[in-house]
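**Student:** If you want the building blocks of each chain, they are given just below.
Protein chains: 2
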Amino acid sequence: MNDTFLKACRGEKVDHTPVWLMRQAGRYLKEYQEVRSKVDFLTLCKTPELAAKVTIQPVDILGVDAAILFSDILIPVEAMGMHLEFSEKKGPVLGEPVRSKSGADKLIIPDTEDSMPFVLEAIAILRQELRGRVPLIGFSGAPFTLATYIIEGGSSKNFINTKKMMYQNRGLFEGLMDKITATVIEYLSAQIQAGAQAVQLFDSWAGILSPYDYEEIIFPYVKAAIKALRKFGVPVIYFVNDCAGLIKIIRKSGADVIGVDWRVDIEDAVKKLGKKVSVQGNLDPCVLFAPREHIEDRVQDILNKAFPARGHIFNLGHGILPETPTENAIAMVEAVHRLSR
Amino acid sequence: MNDTFLKACRGEKVDHTPVWLMRQAGRYLKEYQEVRSKVDFLTLCKTPELAAKVTIQPVDILGVDAAILFSDILIPVEAMGMHLEFSEKKGPVLGEPVRSKSGADKLIIPDTEDSMPFVLEAIAILRQELRGRVPLIGFSGAPFTLATYIIEGGSSKNFINTKKMMYQNRGLFEGLMDKITATVIEYLSAQIQAGAQAVQLFDSWAGILSPYDYEEIIFPYVKAAIKALRKFGVPVIYFVNDCAGLIKIIRKSGADVIGVDWRVDIEDAVKKLGKKVSVQGNLDPCVLFAPREHIEDRVQDILNKAFPARGHIFNLGHGILPETPTENAIAMVEAVHRLSR
Chain S
41 MNDTFLKACR
51 GEKVDHTPVW
61 LMRQAGRYLK
71 EYQEVRSKVD
81 FLTLCKTPEL
91 AAKVTIQPVD
101 ILGVDAAILF
111 SDILIPVEAM
121 GMHLEFSEKK
131 GPVLGEPVRS
141 KSGADKLIIP
151 DTEDSMPFVL
161 EAIAILRQEL
171 RGRVPLIGFS
181 GAPFTLATYI
191 IEGGSSKNFI
201 NTKKMMYQNR
211 GLFEGLMDKI
221 TATVIEYLSA
231 QIQAGAQAVQ
241 LFDSWAGILS
251 PYDYEEIIFP
261 YVKAAIKALR
271 KFGVPVIYFV
281 NDCAGLIKII
291 RKSGADVIGV
301 DWRVDIEDAV
311 KKLGKKVSVQ
321 GNLDPCVLFA
331 PREHIEDRVQ
341 DILNKAFPAR
351 GHIFNLGHGI
361 LPETPTENAI
371 AMVEAVHRLS
381 R
Chain Y
41 MNDTFLKACR
51 GEKVDHTPVW
61 LMRQAGRYLK
71 EYQEVRSKVD
81 FLTLCKTPEL
91 AAKVTIQPVD
101 ILGVDAAILF
111 SDILIPVEAM
121 GMHLEFSEKK
131 GPVLGEPVRS
141 KSGADKLIIP
151 DTEDSMPFVL
161 EAIAILRQEL
171 RGRVPLIGFS
181 GAPFTLATYI
191 IEGGSSKNFI
201 NTKKMMYQNR
211 GLFEGLMDKI
221 TATVIEYLSA
231 QIQAGAQAVQ
241 LFDSWAGILS
251 PYDYEEIIFP
261 YVKAAIKALR
271 KFGVPVIYFV
281 NDCAGLIKII
291 RKSGADVIGV
301 DWRVDIEDAV
311 KKLGKKVSVQ
321 GNLDPCVLFA
331 PREHIEDRVQ
341 DILNKAFPAR
351 GHIFNLGHGI
361 LPETPTENAI
371 AMVEAVHRLS
381 R
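Heads up: the sequence lines are chains S and Y, in that order. Taking the numbering used here as reference, the numbering of the first sequence is continuous, increasing by one, and the terminal residue is 381. Taking the numbering used here as reference, the numbering of the second sequence is continuous, increasing by one, and the terminal residue is 381.
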């Protein structure tokens, strides 16, 4: 059994640096596209056998050291009571954005077993099919990131509605964050109890905040969620996209592992994070469009710079892009293994 | 004559912190909208009297300490030979993206007096009409930012084409950057000779690069442009959006002033930048949607944190948003002046 990933999360000795890729189950794999051509995106997320199938594909094809449950961060938002659709062009489109107390009051804190049983079933299938080959990571959007979708009603450019609510109606915003945080805790606790061996909180949009607002308004919810989840004894990874200005704050999150995006100088991040957490990251996903030798150079550079960390899990600094040549992703994983031994 | 802005750029003593706002001439002002309702955006840029008129509006209405020429960063790109259009929905749309040697060869290094005389005429009018009331800032996109538009053909999400060229065809990319850098130098030199009393290089998209790529591939062009411009003896401001991970590199740019976005902890930035440069920034533009007291608190916080800098020019961390209530922008300027005295 390959438990290199779990060991690196805990800062234990490993014989090679473990690696997985954010969005490793995805469109850049023709095997994924084959499955996806037969069902729409949400059906794929909600059919345990299919979700499990695409989750395992990158373990077989790339040789990564961890599997991550195939799902979408908006699944629990739908379960909270918002209508969810995926448009090929615009991405996720949610029903009526929540911008008032009456809107927020309508949202519920869903019970995962009741309203998202397919997630727990997929985890059960995966644990059986993986047979300990590699650990399985569960995940959820972090509270603020889910809040932006709920308030904006989808993706956004400047997140004006979210920030307006933060600044103009703090009580409403905090009430919403309370509900979302409770949802995230329930959802990840259920994933862990169903068999997830680590969990990652994706804070894809926290990087749009000033350090002031992040620390003052958002960070208490992050810490509360992580504290509740660490009780289960599995590693908690906290990934924040565009986090270069936030690292000094994030180090106090309580997570076992901090995931950083590619805009961060990982040498600098490791210094700031100190010896109590492991680090995950952070190759620019676009480097996978470069020639093989260049990819190797960049892998080596990141391995060197992250070396002083308590533990290092190699990853991209953001999700792998759909246009990525699969053979380059394979070469990257191979290079991480070879160069870190 | 109010030369507080120029003094702060040079790190000289001032009796209050000078302030201006990126995109201060713009849609959030009804006086701007009145002018704009009669002509399209490009005509406004290219009609010296009108460009001068909207440039002065925020000096009168907000009481800012500097005027910045109203124009668009793609004006010199059009002069290099690319077709340029503005769509209300999609923003700038350029003709055939440049992705080959033949495409790059077709671009010219334009002479500003020949191909963009309207810019120089607007500056001449402005110097006369401002009569030294406040200094006039000229500007240009920085080389990499202009390159992204030229290679992507407009705005982009992941800048895959730009990075592909950087990684797969370094010679082509560098040839293009040479040409763009020469254009930027010519363009800003002409603005200075026409009367611009400071210039700002906007690197709106350099923040999408890893520190590794930024330092290795892009930074030499930044330094070359700044070095050429500093010969004229007017302050050079270098603003990089999303620069939290790049500050340790940027400090060596040679610019008189480094402008930072709102995601940066300005206290941290000031420490890293040292005593040889002034700092500009960095209120989140969305804070202008907050109640008056909150705006004041945030102004005070930034003034305190930037205080140890050689000089501080207060600004937003990015362009003011079209939806901003004008009275809040006025209140912000007033608060900067009052609280910094």
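Wrong hints could be hidden among the right ones.
Just so you know, same-sequence chains aren't split out, so a pair can sit in one copy or run between any two.
Said to hold, decoys possible - Calculated cross-link-like contacts (lysine-lysine; reagent style DSS-like; alpha-carbon spacing at most 25 Å):
# : residue 1 : residue 2
1 : Lys130    : Lys197
2 : Lys78     : Lys292
3 : Lys288    : Lys345
4 : Lys204    : Lys70
5 : Lys141    : Lys204
Keep in mind that the hints were calculated from the coordinates and are not lab data.
**Student:** Regarding Lys78 and Lys292, is the shortest C-alpha distance of 25 Å or less found within a copy, between copies, in both, or in neither?
**Tutor:** neither (44 Å within a copy, 54 Å between copies)
**Student:** My question is about Lys130 and Lys197: at a cut-off of 25 Å on alpha-carbon distance, are they close within one copy, between copies, both, or neither?
**Tutor:** both (13 Å within a copy, 13 Å between copies)
**Student:** Please sort Lys141 with Lys204 into within, between, both or neither, judging by C-alpha distance up to 25 Å.
**Tutor:** within (14 Å within a copy, 47 Å between copies)
**Student:** Are the CA atoms of Lys288 and Lys345 at most 25 Å apart within a copy, between copies, both, or neither?
**Tutor:** Classified as both; 18 Å inside a copy, 16 Å across copies.
**Student:** Up to 25 Å between alpha-carbons, please classify Lys204 paired with Lys70: within, between, both or neither.
**Tutor:** Between. Shortest inter-copy distance 22 Å satisfies the 25 Å Cα cut-off; intra-copy 42 Å does not.
Hint check: a violation occurs at hint 2 only; the rest are consistent with the structure.
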